[in-house]
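2 protein chains.
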Amino acid sequence: MSPKANILLTPGPTPLPPQVREAMARPILHHRTREFGQLFDFVLNEMRAVYRTRNTVLLMTTSGTGAMESAAVNLLSPGDRVVVHTTGVFGDRFAAILEAYGMEPVVVAEEWGCAADPRKLEAALRSLSAVKAVFFQHTDTSTGVLNDVRALAETVRRNSDAVIVVDSVSGLAAEPLETDAWDLDVVVTGSQKGLMCAPGLAFAAVSERAWKLVESAKLPRFYFDWRRMRKSLPDLETPFTPAITVIAGQAEALKLIRKEGLENVWKRTAALAAYARARGQELGLELFARNPSNILTALRLPPGVDGDILTARLLAEDGISIAGGQGRLKGHLLRVAHMGYISRADLEAGFAALARRLAPAAA
Amino acid sequence: MSPKANILLTPGPTPLPPQVREAMARPILHHRTREFGQLFDFVLNEMRAVYRTRNTVLLMTTSGTGAMESAAVNLLSPGDRVVVHTTGVFGDRFAAILEAYGMEPVVVAEEWGCAADPRKLEAALRSLSAVKAVFFQHTDTSTGVLNDVRALAETVRRNSDAVIVVDSVSGLAAEPLETDAWDLDVVVTGSQKGLMCAPGLAFAAVSERAWKLVESAKLPRFYFDWRRMRKSLPDLETPFTPAITVIAGQAEALKLIRKEGLENVWKRTAALAAYARARGQELGLELFARNPSNILTALRLPPGVDGDILTARLLAEDGISIAGGQGRLKGHLLRVAHMGYISRADLEAGFAALARRLAPAAA
Chain A
36 MSPKANILLT PGPTPLPPQV REAMARPILH HRTREFGQLF DFVLNEMRAV YRTRNTVLLM
96 TTSGTGAMES AAVNLLSPGD RVVVHTTGVF GDRFAAILEA YGMEPVVVAE EWGCAADPRK
156 LEAALRSLSA VKAVFFQHTD TSTGVLNDVR ALAETVRRNS DAVIVVDSVS GLAAEPLETD
216 AWDLDVVVTG SQKGLMCAPG LAFAAVSERA WKLVESAKLP RFYFDWRRMR KSLPDLETPF
276 TPAITVIAGQ AEALKLIRKE GLENVWKRTA ALAAYARARG QELGLELFAR NPSNILTALR
336 LPPGVDGDIL TARLLAEDGI SIAGGQGRLK GHLLRVAHMG YISRADLEAG FAALARRLAP
396 AAA
Chain B
36 MSPKANILLT PGPTPLPPQV REAMARPILH HRTREFGQLF DFVLNEMRAV YRTRNTVLLM
96 TTSGTGAMES AAVNLLSPGD RVVVHTTGVF GDRFAAILEA YGMEPVVVAE EWGCAADPRK
156 LEAALRSLSA VKAVFFQHTD TSTGVLNDVR ALAETVRRNS DAVIVVDSVS GLAAEPLETD
216 AWDLDVVVTG SQKGLMCAPG LAFAAVSERA WKLVESAKLP RFYFDWRRMR KSLPDLETPF
276 TPAITVIAGQ AEALKLIRKE GLENVWKRTA ALAAYARARG QELGLELFAR NPSNILTALR
336 LPPGVDGDIL TARLLAEDGI SIAGGQGRLK GHLLRVAHMG YISRADLEAG FAALARRLAP
396 AAA
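Going down the list, the protein sequences come from chains A and B. Going by the numbering used here, the first sequence runs without a break in its numbering and finishes at 398. Going by the numbering used here, the second sequence runs without a break in its numbering and finishes at 398.
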């Protein structure tokens, strides 16, 4: 068997730094010990730095979707008026979660590939009264779009008393985000993207304004109950047995981010994104997102190229994982990620293989 | 610094076999690939063998409590009559989960340390009509008790059409359990106990009788929605990004169980339990559970010995983790686990340290 690459250019899981892998293989700690408490405290403190917040940070053993659901059930009561501004699969997921709990969200939808337009949100908020919460994405990996979180948050504040819930599962620690400076009430994220760890952990940063809603919210919850999580924080514990090995890995990843400096992480990610956009366009591929994010470049394939076959061959023959389109974009997009521990060399190898496979002779 | 032991005699997490640790440190797989699909399929198949079932097995990224909650929300509708037969902290947790969703469970409670008495369950079921579900524990780690799951299940079948939901988070792959032969509808478990893996994964085995309820159940759920999990099974996928590294570890642990043979695992665990019970009694400690389980031995401390101080010193000075009492038993119990990868040598070291610390001279 000839050597084959093992390069992940996928938007989560992203490749793991060796320090993170080593930490996950250590003998396991018990979660009701001082040693674990110190690890847990370290992770929460470093997460506050990454979130740029002084708010409470909660840790959950779940995927990013679980953290999104936790925001819905901890903030809302039946009949509450809520707005979801959606720009793709993950915005639609916020709406689906709310509907599963019997809520009837007002959905402000953008054409896929377009960023959330604050003017549309403003119009919606002006036509509604007593909006309890507004949900939107920082970045939506289904389209590669970056939303202007600051402008959207300002729009909410100008027009309502709603809490602002941001899904930054794919954006945090890759794209600039300022939880406190932009006055964001809840920001949820996951361990497996910009945070450079394995999947299994999710986080929420929760403002005092949001905690007031948590106390009165009537939607049912137990495992995702933020009150229980907050109550166990002074003991440096989690209410239920957490994913201890993933937390050990997350601590190492956060040390790497601390060492590099968060702003340098943002710059590095931006430089990789610029490279990916330029290389994609050199290959004659159109950028799908109007306001492309630095976490992932979505490239539209020319008619006649089946994206599913292309990504399957890249994986099977070249050892390179690149995501295709999701939902209605299945087969029509390539989504090349450049967040987390993805390197320039990974991207160069990925685009070289792509160039080979897209060249007319190889078609 | 002199060398110190690092011995976990705790009921989850339990120590990890080196093969499991190594697997969690491998370069991460993407979860939408054939390679992951094969791993996932292997884990589900081996879990069916451990569950002794041909029913559908679902995998969730959550703790055992999340799996317990998933059983409640996928089976029930508001107003359904349900019975919880509780023998400790984890039975009480079933009741608390149900109450969080607005249900009013009929609770049949045993004195702590006593096993669930099928006659009490029978009396409760005879006094009620249209019971939708009965919940109980296989083993309750708070008291070290083993319930007679088979007799309880027969009692349910004789007296109602209810589905039988068993929490075997701590029992599976340690104590005998026969999902199909005993006609159990739902059995939930977690990765970090008898299954010898890190925490972060939970499983549910779901019978056809239970699936009928799932289709009509009205309690709200999204992340824990079993319908979505079942829908993605033919593609060997999970609906949301799972804890991939923990799944890789779980596969290795299941290979170890396969190699040893599940019945040999049961025998080995029973022999360790017999040793622990004998050693505990030699030290003058009374067995707390009337029907003690093989997963964990709960020992009552004599008056005047503070269990919290004792376990803290065992950990800090001897490097041995032994759990104390939970809830109303805090300070009064030692709970010595002997499930999963805990060895005879671990137990011998643990009891030797305990003997030293309980000896009058050391008091």
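Honestly, I wouldn't trust all of these hints.
All copies of an identical chain are treated as equivalent in the list; a pair is satisfied when it fits inside any one copy or across any two copies.
Listed next, the in silico SDA-like pairs over lysine to any residue satisfying Cα-Cα at most 25 angstroms (straight line) [what the hints assert, rightly or not]:
1. Lys-39 x Arg-67
2. Lys-247 x Pro-53
3. Lys-266 x Arg-392
4. Lys-365 x Gln-73
5. Lys-266 x Ala-135
6. Lys-39 x Gly-72
7. Lys-253 x Ala-130
8. Lys-365 x Leu-271
9. Lys-266 x Ala-130
10. Lys-39 x Gln-73
11. Lys-247 x Arg-89
12. Lys-247 x Ala-380
13. Lys-365 x Ser-267
14. Lys-365 x Arg-67
15. Lys-253 x Pro-337
16. Lys-253 x Gln-316
17. Lys-365 x Ala-130
18. Lys-302 x Arg-363
19. Lys-266 x Arg-363
20. Lys-365 x Glu-70
21. Lys-302 x Tyr-136
22. Lys-39 x Arg-61
23. Lys-365 x Arg-265
24. Lys-167 x Gly-296
25. Lys-290 x Arg-61
Just so you know, these hints were derived from the structure itself, not from any lab.
ask   = How would you label the pair Lys-365, Gln-73 (within, between, both, or neither) given a Cα cut-off of 25 angstroms?
value = For Lys-365 and Gln-73, the Cα distance is within 25 angstroms only across copies (23 angstroms; inside one copy 44 angstroms).
task = Could you place Lys-266 and Arg-363 in one of the four classes (within, between, both, neither) given a Cα distance threshold of 25 angstroms?
result = Between copies, since 19 angstroms is at most 25 angstroms while 43 angstroms is not.
ask   = Which holds for Lys-266 with Arg-392 at a C-alpha limit of 25 angstroms: within a copy, between copies, both or neither?
value = neither (55 angstroms within a copy, 33 angstroms between copies)
query = Between Lys-247 and Pro-53, at a C-alpha cutoff of 25 angstroms, which is it: within one copy, between copies, both, or neither?
reply = Neither. Shortest intra-copy (41 angstroms) and inter-copy (46 angstroms) distances fail the 25 angstroms Cα cut-off.
message = Please sort Lys-167 with Gly-296 into within, between, both or neither, judging by C-alpha distance up to 25 angstroms.
response = Neither: 36 angstroms inside a copy, 55 angstroms across copies.
request  = Give the relationship of Lys-266 and Ala-135 under a CA distance limit of 25 angstroms: within one copy only, between copies only, both, or neither.
outcome  = between (27 angstroms within a copy, 17 angstroms between copies)
25 angstroms Cα threshold - placement of Ala-130 relative to Lys-266 = For Lys-266 and Ala-130, the Cα distance is within 25 angstroms only across copies (20 angstroms; inside one copy 29 angstroms).
query = Between the shortest in-copy and the shortest cross-copy C-alpha distance, which are at most 25 angstroms for Lys-365 and Ala-130: within, between, both, or neither?
reply = within (21 angstroms within a copy, 44 angstroms between copies)
ask   = Between the shortest in-copy and the shortest cross-copy C-alpha distance, which are at most 25 angstroms for Lys-253 and Ala-130: within, between, both, or neither?
value = Intra 18 angstroms, inter 18 angstroms, cutoff 25 angstroms: intra and inter.
task = Classify it for me, Lys-39 with Arg-67: is the Cα-Cα distance of at most 25 angstroms met within a copy, between copies, both or neither?
result = between (43 angstroms within a copy, 19 angstroms between copies)
query = How would you classify Lys-247 and Arg-89 at a CA-CA limit of 25 angstroms: within, between, both, or neither?
reply = within (17 angstroms within a copy, 47 angstroms between copies)
ask   = Between Lys-365 and Glu-70, at a C-alpha cutoff of 25 angstroms, which is it: within one copy, between copies, both, or neither?
value = between (46 angstroms within a copy, 21 angstroms between copies)
Figure legend: structure checked against the earlier numbered hints; hints not met, in rising order: 2, 3, 12, 15, 16, 18, 21, 24.
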